[in-house]
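Enquirer: Fit chain B with the ligands to the supplied structure of chain A, relying on the hints for placement.
These protein sequence lines are chains A and B, in that order. Residue 0 is where the first sequence starts when you use numbering that gives the first Met the number 0, and the numbers rise one by one after that. Residue 0 is where the second sequence starts when you use numbering that gives the first Met the number 0, and the numbers rise one by one after that.
It cannot be assumed that every hint is accurate.
[To be verified] Restraint ranges, calculated between C-beta atoms of paired labels, are given here:
| id | chain 1 | residue 1 | chain 2 | residue 2 | range |
| --- | --- | --- | --- | --- | --- |
| 1 | A | A73 | B | L114 | 56 to 62 Å |
| 2 | A | Q259 | B | V12 | 28 to 34 Å |
| 3 | B | L114 | A | E137 | 36 to 42 Å |
| 4 | A | D121 | B | V12 | 57 to 63 Å |
| 5 | A | N365 | B | V12 | 38 to 44 Å |
[Claimed, not checked] Derived list of chain B stretches under chain A, where covered just means 3 residues or more per stretch with a C-beta under 8 Å from a C-beta of chain A:
| id | stretch |
| --- | --- |
| 6 | 48-54 |
| 7 | 65-75 |
| 8 | 84-92 |
| 9 | 96-110 |
Since the hints were derived computationally from the structure, they do not count as laboratory data. Glycine included, every Cβ here is placed at the ideal spot set by N, Cα and C.
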Amino acid sequence: MGLTEKPLSTLHEKASYDLDDFDVPTGREEAWRFTPLSRLKGLHSGKAAITGRVLTQTYTPAGVTAEWVGRDDARIGKAYVPADRVSAQAYNAFEKALVVTVPKETVPAEHIRIEVRGGGSDGVTYGHIVVVVEPMAEAVVVLEHQGSAVYADNIEFVVGDGATLKVVSLQDWDADAVHVSHHHAQLAKDATFKGFAVTMGGDLVRLSPSVSYTGPGGDADLSGVYFADAGQHLEHRLLVDHSQPHCKSNVDYRGALQGQDAHAVWIGDVIIRVEAEGTDTYELNRNLILTDGARADSVPNLEILTGEVAGAGHASASGRLDDEHIFYLQARGIPFDEARRLVVKGFLGQLIEKIQVAEIRDRVLNAVEAELAR
Amino acid sequence: MSTLEIRDLKVAVEDKEILRGVNLTVQSGKTHAIMGPNGSGKSTLAYAIAGHPKYTITSGEVLLDGVDLLALTVDERARAGLFLAMQYPVEVPGVSVSNFLRTAVTSVRGEAPKLRQFAKDLKSGMDALAIDAAFAQRNLNEGFSGGEKKRHEILQLELLRPKIAVLDETDSGLDVDALRVVSEGINRFRASGDTGVLLITHYTRILRYVKPDFVHVFAGGKIVEEGGPELADKLEAEGYEQYTKASV
Ligand SMILES: Nc1ncnc2c1ncn2[C@@H]1O[C@H](COP(=O)(O)OP(=O)(O)O)[C@@H](O)[C@H]1O
Ligand SMILES: [Mg+2]
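Okay, chain A solo, but in the shape it has when bound (with noise of 0.2 Å):
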């Protein structure tokens, strides 16, 4: 690290439920230089008008509870403070949240759905979402998101002692919507939290999962796939804060990109904390550039500000298809268009075979199919 750049620990200093807190973003700040902001409908500046409408429905099986609560309601903003602009803006501008409850020990027989389905790109419009999944139980959450919407929200996971949540959120909206949204998760004593994003829909999705631990045996798996096409831009931001002893952390981000200004991003930014000693983290995104004109910006930050780490580590890789790996399917037959597209799936197949629900496996299978028949 540079002596003129800042330490990444204080890069995520900022934390606000103030919007007042957080200037309007030039797009010459770190946290926004590769966000074409002009594309952000107004969601960062605050000026663009609340005409937008999202309708989020939740299907909760038995011994779960989802319950649209008021502003006030003292479980929100417990486990997030908003970290940019936009988060904050997000959180002093949704009308109510939804709070999804899982109770102490409860495993419940299926998994809970959140769909979010957007009614336009005219107007923007705020959300936030709250899941609570109390002591020792186990949950796993489906996030849809669909349609069109210029969409900005914030959703804490709060996963308490010994619980495990899984969440995939799929990113599926429609080809004009534009999504900024926080997913954090907080890890209590020995929490699993595992969380997979597919972003393939949008003209803008900027997502950044974080994860914070509040006792030790804390463990997160973020996983995520996209797929850019011509024009979209799909940026991850990850942070995963290790401020308690003998956590884990793994993260594993994939991406296909193809057409004229396919843009992707993904940041991984990884803070060992004094006070985490014996964490275990590893930090790994790759990317496929399937054609001219597209680009991927990748960037791995790992900051180590203890002397006992059991295990610390990234890597970043963009490349192009495999010359070798076309050239040996083709050389048994299989035209370069299908070479290409058993490759591709293969790359990015492996990472969805970790989504537990069957039926949205090979869904996002089935998408991934999709995007390459274009």
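Expert: Quick look at chain B with the ligands alone, frame taken from chain A:
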């Protein structure tokens, strides 16, 4: 009856001429051994015929039953009846062996095989080559040992049933048991119909199991001597030294 004709083939890699005029005709029913020292251009010949993008043909022709192979894409050549067993098969992450084989067979035959028949053929092919059934679910060549990769190449040969097979050092790196299994596979392929084999090798060892009809000595990017099986015995006794000296 099929014929592969290689006429005055010259090939360069990154502007460096490697093949300097190769002439060779392989007819179905015949097995030609190409033997030569390391670096003589044997793999270059194999890859150039198959159409690897790294190799530039600077002159010459390659015809399969009169069809100009050099004008075809890599996959078209394979569908025309050419097969290359690679010296170093590549690992393809995330693509399972069974999916790969089914896709390849479908492409080469022009229609999807009946599932039940394909499963049967695959199982008997794997059994014959002593390949564990679990390999079908593994990623293509990923984590395979050298011997496993070579057996898997021969499995593909038997499933795809080409007119002409080019086998690039399929024997290298095999222990005696694996060599025997692989040789039996090649011999089954030879007996299966009207097929021709271009067997590229560095050593004479495999020729005890797979009897060639012709032997060609390759050195300095071309064929420098040819004869019958007895030429292999001469090479066994004398090595390649005389040819490597002559070619520089
Ligand atoms: N990518 C390459 N770039 C430059 N030279 C190469 C490349 N590949 C092969 N060669 C050269 O071509 C010659 C023939 O190689 P090869 O066909 O692999 O020989 P063989 O298979 O007989 O051992 C060697 O001198 C080798 O160094
Ligand atoms: Mg070779």
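Enquirer: Could you tell me which of the hints above the structure violates, numbers in ascending order?
Expert: none
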